[in-house]
Amino acid sequence: MRVVIAEDAAMMREGLSRLLTDRGHEVCAAVGDGDALLAAVAEHRPEVTVVDIRMPPTHTDEGLRAALELRRRHPGTGVLVFSQYIETRYASELLAGGAAGVGYLLKDRVADVAEFAEALVRVAAGGTALDPEVVSQLLAGRQPGVAALTARERDVLTLMAEGRSNAGIGRAIFLSTGAVEKHVASIFGKLGLPPSENDNRRVLAVLRYLGAC
Amino acid sequence: MDQAGQSRAIGRRVLTAPLSGRARREAVFALASLPIGFGFLGLALGGAFAIATAAGPAPDSAPWTAIWIPVAALLLLILAVAAARPLGGVIRGLAARLLDEKVSAPTALLTRSGLPARPGNPGWLAAQLTDGSGWRATAYLLLKFPVALLELYAIAWWATGIADVTYPFWWGLMRNHPPGVHLSPVPVFTPFGLSGTGTFQVATFPGTLAALAAGAGMVLAAPWVTRAVVSVDRWLIRVLLGPRTMAQRVRDLEQTRAMAVNDSAAVLRQVERNLHDGAQIRLATLAMNLGMAREKLDPDGAPADLVAVRELVDAAHQSAKDALGELRELARGIHPPVLDNGLADALATLVAGSAIPVTLTTSIARRPSAAIESIAYFCVAELLANAVKHSGADTITVDASEQGPALRLTVNDDGRGGADPRGSGLTGLSERISTVDGHMELSSPAGGPTRIRIDLPLQA
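These protein sequences, in sequence, are chains E and R.
Numbered according to this note's numbering, the first sequence spans residues 1 to 213.
Numbered according to this note's numbering, the second sequence spans residues 1 to 460.
Chain E extracted, bound-state conformation (with noise of 0.2 Å):
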């Protein structure tokens, strides 16, 4: 797999590049700010870039910028954006043009190192990473239509969120794949969404419902 990273500081930008190398992937280029970031894409080509948010000169968004100009400009390129914190405003904006090849994470999560790859791989793949933090910052604004769920539901819909397929959530949570297809069925009639057949739709739709897009 092919990519860019974006991080200003340089220790992070090392350490993501050996980790990713480690795993067998390539880094085409590791720059600093957003203007070389989407210099870097164009020239490199890569599935898939992970974007810090705060980058010079302002060190407020600009990652942010950056990647929703990538997303324009290359909406088959995969953007994963890692940052310190996690703002709904943030996680709206990026998730507002479609869930598919987005990922929105808290650094942090680089120390569970398979974890971290395996979400950068879900990514490039047209796929989505969303921080459980993302989550369930998205779920609490909208607290009518998800106060209808049991708690069991609420789990399966924020692993759901965060881009699981019903294999993953029935792993992580401990459920056999059926009986999370159920879950997942009756999270879709409380929120009067309509049944569909295609896992990333459905987490789509769920993202669109949480008012991210």
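Derived from the structure by calculation, the hints contain no laboratory data.
Heads up, some of the hints might be wrong.
Within a straight-line C-alpha distance of at most 25 Å, the following computed SDA-like cross-link-like pairs (lysine to any residue) qualify [claimed, not checked]:
1. Lys-321(R) to Asp-108(E)
2. Lys-321(R) to Asp-112(E)
3. Lys-389(R) to Thr-58(E)
4. Lys-321(R) to Leu-275(R)
5. Lys-389(R) to Pro-56(E)
6. Lys-321(R) to Ala-10(E)
7. Lys-389(R) to Ser-424(R)
8. Lys-102(R) to Arg-238(R)
9. Lys-321(R) to Arg-13(E)
10. Lys-389(R) to Ala-348(R)
11. Lys-389(R) to Gly-278(R)
12. Lys-321(R) to Arg-332(R)
13. Lys-389(R) to His-59(E)
14. Lys-321(R) to Ala-352(R)
15. Lys-321(R) to Ala-111(E)
16. Lys-182(E) to Pro-132(E)
17. Lys-389(R) to Asp-420(R)
18. Lys-190(E) to Thr-177(E)
19. Lys-190(E) to Gly-98(E)
20. Lys-182(E) to Leu-149(E)
21. Lys-190(E) to Gly-170(E)
22. Lys-321(R) to Ser-83(E)
23. Lys-321(R) to Gln-84(E)
24. Lys-389(R) to Leu-268(R)
25. Lys-321(R) to Glu-14(E)
26. Lys-102(R) to Ala-23(R)
27. Lys-389(R) to Arg-332(R)
28. Lys-102(R) to Gly-39(R)
29. Lys-190(E) to Phe-174(E)
30. Lys-102(R) to Val-81(R)
31. Lys-182(E) to Thr-150(E)
32. Lys-190(E) to Thr-88(E)
33. Lys-102(R) to Trp-224(R)
34. Lys-321(R) to Ser-17(E)
35. Lys-102(R) to Gln-403(R)
36. Lys-389(R) to Pro-336(R)
37. Lys-321(R) to Asp-8(E)
38. Lys-389(R) to Pro-116(R)
39. Lys-102(R) to Asp-252(R)
Given chain E's structure and the hints, the job is docking chain R onto it.
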């Protein structure tokens, strides 16, 4: 005390009044403040007259006068208001020393952004023209003119009284002409007749005794005349040269409070930024390195690559140490623990770490409040950092000393000068200082040296 005793006491007081220190000091004040009273109005009228004369009788013939006359008048006005403040300060100083009339100075004149209002700092003109204290000082100086006339009159009581008392003593020396020589009578001046032939004339020695009596009476009365006139001046000084009125003070406080709030918000933002870019990133990297190391040690996987693991653990170890160091620096930046031992110790520690040698002197007998110590410490820290960064100086001197109710900090260096008072660092300092009614003076001509003086109240 019986009635006779009371009368004796009053009598003694009347007789000794001319010799009392208070009478002497009030007379000296009246005399010493005269030049300012006459000079200010004189210069103002002179300036106005010069402008009026230069304007000429036919303004139609030279339309450009319509432009420069108002400009000149405005300049004169600015000059008058700007000069009124320091002149008021001179009067205040005389009053404090001679009249024991201690009127505190109005707060230093600052621009909207908290810089001293001097030409060169943005907004100084607006600050100068809207300076309530300056206008009140101007009012004082204009009112001082009639008061100064009265003070001059009071001085005349002293002068003529003392002169008249001497008549009998020189009469014999001057009037020893042979009999038959016609001598004109000598005029005796009193405050009731100060010109020409005087109030009355004496032609004989017994007549001089009348002059003596009149002189003695005037000398006895002079202290009270002086006191009456000077008390009017005292009142004007208190009302017009003192600190601003309550409403202006409230406006000042509103402004400095806004600065204080913004300053603390900026400090918090800086702390967040430092955490975000420093310790947090190091800890995240550390966690990542440990995560990678753990993967390599995973018993399910291939045999562990110990060299790689060691590298990762080394990197994590280094990150942990760096994060500790950064957290320590950050904590110290919020509140240096050594400040608890007093400003002198804290400054000693601070200058010891300076890249340019610093000579430090401190004389602080009364301990300032914690907020003042903290502001003083960070001011010096910032100024030292600036000097190291920009001045190219060989030596820096720092002095912190008590000056009356103020703590005075001076930071001087022998570098290349050219420090910009509008730079964000110095503006920030100046704002922080003005939140406690402090004041900063900067002199940094191109080519150096740079001298910075900061006055802070001891308590805030």
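Subject >> Restraint check for Lys-190(E) with Phe-174(E), where alpha carbons must lie at most 25 Å apart >> reply: Holds, at about 23 Å.
Original post:
Is Lys-389(R) close enough to Pro-116(R), meaning Cα to Cα at most 25 Å?
Top reply: The given pair, whose Cα atoms are some 24 Å apart, holds under the 25 Å limit.
Subject >> Pairwise hint evaluation, Ala-10(E) against Lys-321(R), where the allowed Cα distance is 25 Å at most >> reply: holds (17 Å)
**OP:** Verify the proposed pairing of Lys-190(E) with Thr-88(E), using a straight-line Cα cut of 25 Å.
**Re:** holds (24 Å)
Original post:
Can the restraint linking Lys-190(E) and Thr-177(E) be considered satisfied, given a maximum Cα separation of 25 Å?
Top reply: holds (20 Å)
Original post:
Is the Cα-Cα distance between Lys-389(R) and Ala-348(R) 25 Å or less?
Top reply: Measuring from Cα to Cα gives roughly 20 Å; hence the hint holds.
**OP:** Take a quick look at whether Lys-321(R) and Asp-108(E) sit within 25 Å of each other, Cα to Cα.
**Re:** Holds - the C-alpha atoms of Asp-108(E) and Lys-321(R) are around 18 Å apart, at most 25 Å.
**OP:** Given the hint that Lys-321(R) pairs with Glu-14(E), test it: the Cα-Cα distance must not exceed 25 Å.
**Re:** With Cα atoms ~18 Å apart, Lys-321(R) and Glu-14(E) stay inside 25 Å; holds.
Original post:
Within a Cα-Cα threshold of 25 Å, do Lys-190(E) and Gly-98(E) meet the stated pairing?
Top reply: holds (22 Å)
Original post:
Lys-321(R) and Gln-84(E): Cα distance at most 25 Å?
Top reply: holds (20 Å)
Original post:
Quick one, are Lys-389(R) and Ser-424(R) close enough, alpha carbons at most 25 Å?
Top reply: Holds - the C-alpha atoms of Ser-424(R) and Lys-389(R) are around 14 Å apart, at most 25 Å.
Original post:
For the pair supplied as a hint, Lys-102(R) and Ala-23(R), is the alpha-carbon distance within the 25 Å limit?
Top reply: holds (18 Å)
The structure fails none of the hints (numbered hints given earlier).
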